[in-house]
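Chemist: Protein chains in written order, with the working numbering: chain W, 13 to 128; chain B, 70 to 185.
Simulated from the structure, these hints should not be mistaken for laboratory data. Ideal Cβ positions, reconstructed from N, Cα and C, are used throughout, including at glycine. Hints may contain errors.
Stated by the list, open to error - Cross-link-like lysine to any residue pairs, in silico, SDA-like; alpha carbons within 20 Å at most:
{"hint": "1", "chain 1": "W", "residue 1": "Lys-61", "chain 2": "B", "residue 2": "Gly-168"}
{"hint": "2", "chain 1": "W", "residue 1": "Lys-120", "chain 2": "B", "residue 2": "Ser-155"}
{"hint": "3", "chain 1": "W", "residue 1": "Lys-61", "chain 2": "B", "residue 2": "Lys-87"}
{"hint": "4", "chain 1": "B", "residue 1": "Lys-105", "chain 2": "B", "residue 2": "Asn-127"}
{"hint": "5", "chain 1": "B", "residue 1": "Lys-105", "chain 2": "W", "residue 2": "Thr-114"}
{"hint": "6", "chain 1": "B", "residue 1": "Lys-110", "chain 2": "W", "residue 2": "Gln-83"}
{"hint": "7", "chain 1": "B", "residue 1": "Lys-87", "chain 2": "B", "residue 2": "Lys-105"}
Unchecked claim - Covered stretches of chain W (chain B as the covering partner; in silico rule of three or more C-beta atoms under 8 Å from a C-beta of chain B):
{"hint": "8", "region": "36-45"}
{"hint": "9", "region": "49-57"}
{"hint": "10", "region": "75-82"}
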Amino acid sequence: AQSVAQPEDQVNVAEGNPLTVKCTYSVSGNPYLFWYVQYPNRGLQFLLKYITGDNLVKGSYGFEAEFNKSQTSFHLKKPSALVSDSALYFCAVRAIPPSGNTPLVFGKGTRLSVIA
Amino acid sequence: ETGVTQTPRHLVMGMTNKKSLKCEQHLGHNAMYWYKQSAKKPLELMFVYNFKEQTENNSVPSRFSPECPNSSHLFLHLHTLQPEDSALYLCASSQDSLGYPPYEQYFGPGTRLTVT
Numbered sequence: 013a014q015s016v017a018q019p020e021d022q023v024n025v026a027e028g029n030p031l032t033v034k035c036t037y038s039v040s041g042n043p044y045l046f047w048y049v050q051y052p053n054r055g056l057q058f059l060l061k062y063i064t065g066d067n068l069v070k071g072s073y074g075f076e077a078e079f080n081k082s083q084t085s086f087h088l089k090k091p092s093a094l095v096s097d098s099a100l101y102f103c104a105v106r107a108i109p110p111s112g113n114t115p116l117v118f119g120k121g122t123r124l125s126v127i128a
Numbered sequence: 070e071t072g073v074t075q076t077p078r079h080l081v082m083g084m085t086n087k088k089s090l091k092c093e094q095h096l097g098h099n100a101m102y103w104y105k106q107s108a109k110k111p112l113e114l115m116f117v118y119n120f121k122e123q124t125e126n127n128s129v130p131s132r133f134s135p136e137c138p139n140s141s142h143l144f145l146h147l148h149t150l151q152p153e154d155s156a157l158y159l160c161a162s163s164q165d166s167l168g169y170p171p172y173e174q175y176f177g178p179g180t181r182l183t184v185t
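Chain W on its own, in the form it takes in the complex:
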């Protein structure tokens, strides 16, 4: 069975500092990996995804994520945090066939607070 772990419920960072939101995954075979963000009273918004190729993926709003197969991780990063980045961040994984038609599995989310 596939699963996603986001080990931190809350991450606090000062505005202008780099931020990292951690994600590790478990699948049989190779993964497709996603990051979504949820602002208050809104649905989830797609940030970026890893399919194949370059391990460093760039996405919306200056975010990027690095796929590390040996550590089964897909941490979300941004070089300089903004107060407006404060939100709930979700990592998600889906297995690549021939594991079958598996649905997208989400982590429980990490709340990011950027302090001015």
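Assemble the complex: chain W is given as a structure, and chain B must be docked to it using the hints.
Modeler: Showing chain B alone in chain W's frame:
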């Protein structure tokens, strides 16, 4: 965020009531999803429809009944709910639920359901 709309945004219902949640997507997608979001828990996939056919029912109790009359509309009919069903119910859509590499999902703002 007008791509996926959900109504109502808030709903309070008693355990003996019957109500329905509505979702509409304006993105020309072929797949639609219902998720349940509870505090500090991973997003729970409930149902998936692909080209109007239900492809996933994630062991959801029968007091939740989905309906997908066409690729643009999705309903969740509710009856005899329990207090533990109180949560944010999110609708999402994507180009296709079965294709690889997987398409990202677009979410609505959710319906905040409270069962009293």
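Chemist: Please write out, lowest number first, the hints stated earlier that are contradicted by the structure.
Modeler: When the structure is compared with the hints, numbers 3, 6, 8, 10 turn out to be violated.
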